[in-house]
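**Student:** So you can see what is in the structure, the chains are spelled out below.
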Amino acid sequence: MHVHHGGHPGPGMGRLGASIDEDVLGRVYDHRVVMRLLGYMWPHRRLLLVSLVGMLLYTGASVALPWVIKWGIDDFIATKDLAGLNRAALVFGGVMLANYVFMYIHQMALAKASQQVLYELRTGMFNHLQRLSISFFDRNEVGRVMSRVQNDVQQLQEFLSIMILGLGDLLSLVGIIVAMLLMNPSLALITLTVIPILFAVVALWQRNARRSFMRVRHAIAVVNAGLQENISGVRVVQSLNRQEVNLQRFERANAEHLNANLDAGRLSSTLLPTVELLTALALGFVVVFGGYMVLDGALAVGALVAFAMYIQRFFDPIRNLTMQYTELQRAMASGARVFELMDVQPEVRDRPGARPLSPISGDVRYEGVGFQYVPGVPVLRDIDLHVQPGQTVALVGPTGAGKTTMVNLLARFYDVTSGQITIDGHDIRDVTRDSLARQMSVVLQEPFLFSGTVIENIRYCHTEATEEAVVRAARAVRAHDFIERLERGYQTPLLERGRNLSVGQRQLISFARAILADPRILILDEATANIDTHTELLIQEALRELLRGRTAVVIAHRLSTIRNADLIVVLDEGRIVEAGTHAQLLARGGLYSHLSSALAAAAPGTG
Amino acid sequence: MSAILRLTRMAWQHRWLLLLTYLCLGLSTIMAMAVPRLLGAAIDVALGSGNRASLLFLAGSILGVSVLRGAFSYGQSYLGEAVSQLVAYNLRNAIYDRLQQLSFAYHDRQQTGNLMSKATADVEAVRWFVSVGLIRSVQGLLLVGMVGALLVTMDWRLGMVSLAFVPLIAGRAIQVSRRLRPTWMRVQEETGHMTTVLQENLAGIRVVKAFGAEEHEKRRFGDRAWVVAGHTLEAMLLQASNSAVMALIFTAALGVILWLGGREVILGSLTPGELAQFILYMGILTQPVRMTGWLVNVFSRAASAGQRIFEVLDALSPVRERPRAQVLPHVKGEVHFEGVSFSYDSAGPALRQVNLHVKPGERVALLGRPGSGKSTLVQLIPRFYDVTSGHITIDGVDIRDVTLESLRRNVGIVQQDVFLFTATIRENIAYGNPQASTEEVVRAARVAQLHDFVTSLPDGYETWVGERGITLSGGQRQRLAIARTLLLDPPILVLDDSTSSVDPETEQEIQRALAEVMKGRTTFVIAHRLSTVQGADQVLVLDGGEIVERGSHQELFTKGGLYRQIYDLQLRTHAVSPARSGAEGDA
Chain U
1 MHVHHGGHPG PGMGRLGASI DEDVLGRVYD HRVVMRLLGY MWPHRRLLLV
51 SLVGMLLYTG ASVALPWVIK WGIDDFIATK DLAGLNRAAL VFGGVMLANY
101 VFMYIHQMAL AKASQQVLYE LRTGMFNHLQ RLSISFFDRN EVGRVMSRVQ
151 NDVQQLQEFL SIMILGLGDL LSLVGIIVAM LLMNPSLALI TLTVIPILFA
201 VVALWQRNAR RSFMRVRHAI AVVNAGLQEN ISGVRVVQSL NRQEVNLQRF
251 ERANAEHLNA NLDAGRLSST LLPTVELLTA LALGFVVVFG GYMVLDGALA
301 VGALVAFAMY IQRFFDPIRN LTMQYTELQR AMASGARVFE LMDVQPEVRD
351 RPGARPLSPI SGDVRYEGVG FQYVPGVPVL RDIDLHVQPG QTVALVGPTG
401 AGKTTMVNLL ARFYDVTSGQ ITIDGHDIRD VTRDSLARQM SVVLQEPFLF
451 SGTVIENIRY CHTEATEEAV VRAARAVRAH DFIERLERGY QTPLLERGRN
501 LSVGQRQLIS FARAILADPR ILILDEATAN IDTHTELLIQ EALRELLRGR
551 TAVVIAHRLS TIRNADLIVV LDEGRIVEAG THAQLLARGG LYSHLSSALA
601 AAAPGTG
Chain C
1 MSAILRLTRM AWQHRWLLLL TYLCLGLSTI MAMAVPRLLG AAIDVALGSG
51 NRASLLFLAG SILGVSVLRG AFSYGQSYLG EAVSQLVAYN LRNAIYDRLQ
101 QLSFAYHDRQ QTGNLMSKAT ADVEAVRWFV SVGLIRSVQG LLLVGMVGAL
151 LVTMDWRLGM VSLAFVPLIA GRAIQVSRRL RPTWMRVQEE TGHMTTVLQE
201 NLAGIRVVKA FGAEEHEKRR FGDRAWVVAG HTLEAMLLQA SNSAVMALIF
251 TAALGVILWL GGREVILGSL TPGELAQFIL YMGILTQPVR MTGWLVNVFS
301 RAASAGQRIF EVLDALSPVR ERPRAQVLPH VKGEVHFEGV SFSYDSAGPA
351 LRQVNLHVKP GERVALLGRP GSGKSTLVQL IPRFYDVTSG HITIDGVDIR
401 DVTLESLRRN VGIVQQDVFL FTATIRENIA YGNPQASTEE VVRAARVAQL
451 HDFVTSLPDG YETWVGERGI TLSGGQRQRL AIARTLLLDP PILVLDDSTS
501 SVDPETEQEI QRALAEVMKG RTTFVIAHRL STVQGADQVL VLDGGEIVER
551 GSHQELFTKG GLYRQIYDLQ LRTHAVSPAR SGAEGDA
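Which chain is which? The protein sequence lines are U and C, in order.
Using this note's numbering, the first residue of the first sequence is number 1, and each one after it goes up by one.
Using this note's numbering, the first residue of the second sequence is number 1, and each one after it goes up by one.
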């Protein structure tokens, strides 16, 4: 689609960063993000509690298993007690089942809770977006906002599961330490001397990992940007013969990404061998000191086996850490982005105590209205205008004159900077936005259709409208005939943005949508797109129907529309320079008549 | 499966690295295998001979073996990463190049998002396939095989028992991932629906707000998000029950070993140290066994990702150079269409039997309703599409007999939808010739009436435009596009003068620029303005893919046919409304 971005980028307010700054990007733990997320988890505390208890129990069971093995070896195998061994095997089976059941409960509850949280985050974000003002959408591209709702929320799902997994790892670490200490304190203490070394290694590694992770992220961003631009701009690339240069440049960016990854690979490959070496060190301690203790009769051999098993599992959490490290960083950055969006405040809000607007007759007044998108750069100045119920006003003037801004203020896409706009005497800022919108329709220059059927598009949010009402609306704006001719009539599904309809047909459907809503006030930005002759005539008829009996403010491009208006308002540089009927303005010999005569001269031989 | 084979072949291009990886992997696996063995021996020593020195020796051996193992596993991990990154690197380059070679007909049918996801997510899936599917799975197999052999030789009965769970777990992993696949597919599909709602909501936010339809939209999105959550939960529950069952099977095997092995120790056919070895080897097996399910996913994901990538790499551009295509020298600019027909697809011809003769330096204006074929006609000249029948010649040479590069150097085209690259203005103007001197860039900008605007910017030609830079107005973009085409000084020029989104003043500037530009070139203009039509040597009116009227403005005007109709409705009406919001945004 062809989106005009407001030519008035605001002073940064409400503009989402292109990416969160590097500092946040590299972080593995961000207190604010975690706290906010906990806020979303709190309503599901019961499920989460179930999950936690499940985790506690299954961790306990899995820590108990080596203990049962030790028990079996020392108490029964060593004493050649077959019946005892059978009992040990039964106990083992019991612990094993407990492990299974609690693991399942834990994971099930976690899955449920995390999907709930995710759902709420997603809809929460979407709902928040609905509250934001148009100015926000002027400043932020659709793609960027989409990526926050989609990818970043998805990343948070990862984050949730990593957080819980991490908690599990921590628990099992504690469980193992406790079990070892209970089994044999002195051997446990000797074995645990490797832990400080381990922490030092991990800390050192983490510091470097962060830097190399950032380099990789940066490199992949460059690569993807290159790809994206090449795909979007492929037609230009081919017509200007740029393929070779582009490929060279891309290869360079791609190679930087490769190198960054190899660099990161060199680093991440060091951690596992180090951890394994430490495992071996701990095992060596167990063999020497444990072996001596066994020889001295101070330790049973089963305990030796159990220790070895514990050590094997002791380092699993560290392994997980290396595997999930980058995920965690990514999730933190995502979380920061999600909450950044959630914190954007809408600029146009209902005032406290705003009242719903009761049914109106459609008397519109601009009183000394001024407006600026950027402080110091007024776009509208001292606009005074009175539109009586049922009147059509045509706004005319060069680009940048302020026509669009004038109607945007009436629709309350933005709030006036000075002066006021009243409808039936009520300042539009004193009524709720919702009640205002319900009595007003806006037809955009480029009709926007949603995916769905024709009838769904005409109904749009008036889902309660009957089929007859829809057909009536379509007939009124001359859309019925072509709709009937479509393959499945009103039930014809529309492709993305209504690609399977012509521009004119889309226009007519958006008229039908507006007329079905039956607004008292209609804002219309006339299309200038090339429309075939037949449809053009239909649209002119439809327009008359649409405007009949309503207060209408039209940004007019058609001569017929301008001439038929009750009032023509000529804008220039943010001010009303002339106002009157076609005849009055022509007679006056101002800007309007100047325009008209220039045009008449350009088209000789025609009326 | 053929996709997997091809991917494997791509990895095989780095065979020396790959073989070295396997060597490291094999050695580190052997070292890993030694540790439980040494531990078992230590236990027997501790229980039997009581020789403290040999305990020390065994502990030292464990450490020594582990140092070696660490070294090899570092090599394995790093080299494996290198191979997988190299494969991804090559794939990205290949995709990038393929995409920029494929002609318009291909890109017309593709969505940017979809292509991007092939070049990112799918390449990533392939990378995982190489590092996990080709390397770690081999390690897993090796481990299972070696541990199995060892255990069976140590005690065949107990060995068989401990191996019995391997096929059980593997079988189940495969079965579950089969069941998971359709569930995940549904999740993806539903996520797609949800994304559509989101995307339309954001793109159509003005409609939403204008109708006060926020609540309606919230419901729509909420419903979709709920369905997504439901399907995701289903998949997650399946995974949860699966991983619990896998753990159960595995632990059960351990229990059986304890029980049976314990009996054997009691009966004297097994030493306690050997039993300990069994138990510890089981510990080693946990990881590869846990990986099985994941591995199956990696393979199936790689198969589909590979297929999607190869769709791009194997796509044949409908527009291709003939073997031994000649280089088209700088032409005079005589263009002939002879019996040219063209259709985009089976839907019917977009152009029918077009005959046209344009002399060097002539100006041709094309008019017609949307879809009448005027854009199609001009896009055939630089071979963005190939004619379906008939032929087009330039200076008497069939354009299909020359190289694409030399043809396009002769034909400059300024498209209606101006795409700017994220770069400086200077780089954008010099896009077709990065070696262009500053003087050349400035000259092109001057002719395109852009120079004054550029110099009014604080950073002048070094100002960034595009996503991270300033936003140019429609007219400025158009003039930039003209400048970058002019820089290449093409003898044949194709223009779309649709500048509906500019004010009269800008329009006049563009008009001046165009007049300057068209001097001495053969020009095709898709005309929306009276002035353009009036200055043309030939006016062609197209309807339904055919040239229905041709002549000068005066001739056609007096004739009173389709041209006259278009004139009344389009050229004239548009002249009346010079004002159209460009800078303010729609709404």
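Quick caveat, the hints were computed from the structure, so don't treat them as lab data.
Watch out, some of these pointers could steer you wrong.
Stated by the list, open to error - Residues on chain U that point at chain C, a partial pick, calculated with CB under 7 Å:
#1 R144
#2 V234
#3 V237
#4 N259
#5 E276
#6 M342
#7 Q439
#8 F450
Claimed, not checked - List of simulated lysine to aspartate or glutamate pairs, EDC-like, C-alpha gap at most 16 Å:
#9 K519/C <-> E234/C
#10 K359/C <-> E334/C
#11 K218/C <-> D434/U
#12 K80/U <-> E334/C
#13 K218/C <-> E256/U
#14 K112/U <-> E264/C
#15 K519/C <-> D489/C
For every residue, glycine included, the Cβ atom is placed at its ideal position computed from N, Cα and C.
**Student:** Could you run down the list of hints and mark each one as holding or not?
**Tutor:** To see whether the hints hold, each was checked on the structure:
1. At its closest, the beta carbon of R144/U sits 9 Å from a beta carbon of chain C; the interface hint therefore is violated under the 7 Å criterion.
2. Taken as an interface hint, V234/U checks out: its beta carbon lies about 5 Å from the nearest beta carbon of chain C, inside 7 Å.
3. Among the interface hints, the one on V237/U holds; its C-beta lies about 5 Å from the nearest C-beta in chain C, closer than the 7 Å criterion.
4. Annotation: N259/U was flagged as interfacial toward chain C, and the flag is violated, the nearest CB pair being 9 Å apart, outside 7 Å.
5. Satisfaction of the interface hint for E276/U is found here, the shortest Cβ-Cβ separation to chain C being roughly 5 Å, below the 7 Å cut-off.
6. The interface hint given for M342/U is violated, since its Cβ lies 15 Å from the closest Cβ of chain C, which is over the 7 Å cut-off.
7. Taken as an interface hint, Q439/U does not check out: its beta carbon lies about 9 Å from the nearest beta carbon of chain C, beyond 7 Å.
8. Annotation: F450/U was flagged as interfacial toward chain C, and the flag holds, the nearest CB pair being 5 Å apart, inside 7 Å.
9. A hinted pair counts as satisfied when its Cα atoms are at most 16 Å apart, and K519/C with E234/C does not qualify at roughly 68 Å.
10. Between K359/C and E334/C, the direct Cα distance comes to roughly 5 Å. Compliance with the 16 Å bound is thereby established for this hinted pair.
11. The suggested pairing of K218/C with D434/U holds, with an alpha-carbon distance near 14 Å, which does not exceed 16 Å.
12. Under the criterion of a C-alpha separation no larger than 16 Å, the hint pairing K80/U with E334/C is inconsistent with the structure, at around 104 Å.
13. Between K218/C and E256/U, the direct Cα distance comes to roughly 43 Å. Violation of the 16 Å bound is thereby established for this hinted pair.
14. Distance check on the hinted pair: K112/U and E264/C sit about 46 Å apart at the alpha-carbon level, beyond 16 Å; violated.
15. Of the supplied pair hints, the one linking K519/C and D489/C holds, its CA atoms being roughly 11 Å apart against a limit of 16 Å.
Hints 1, 4, 6, 7, 9, 12, 13 and 14, counting from the list given before, are not met by this structure.
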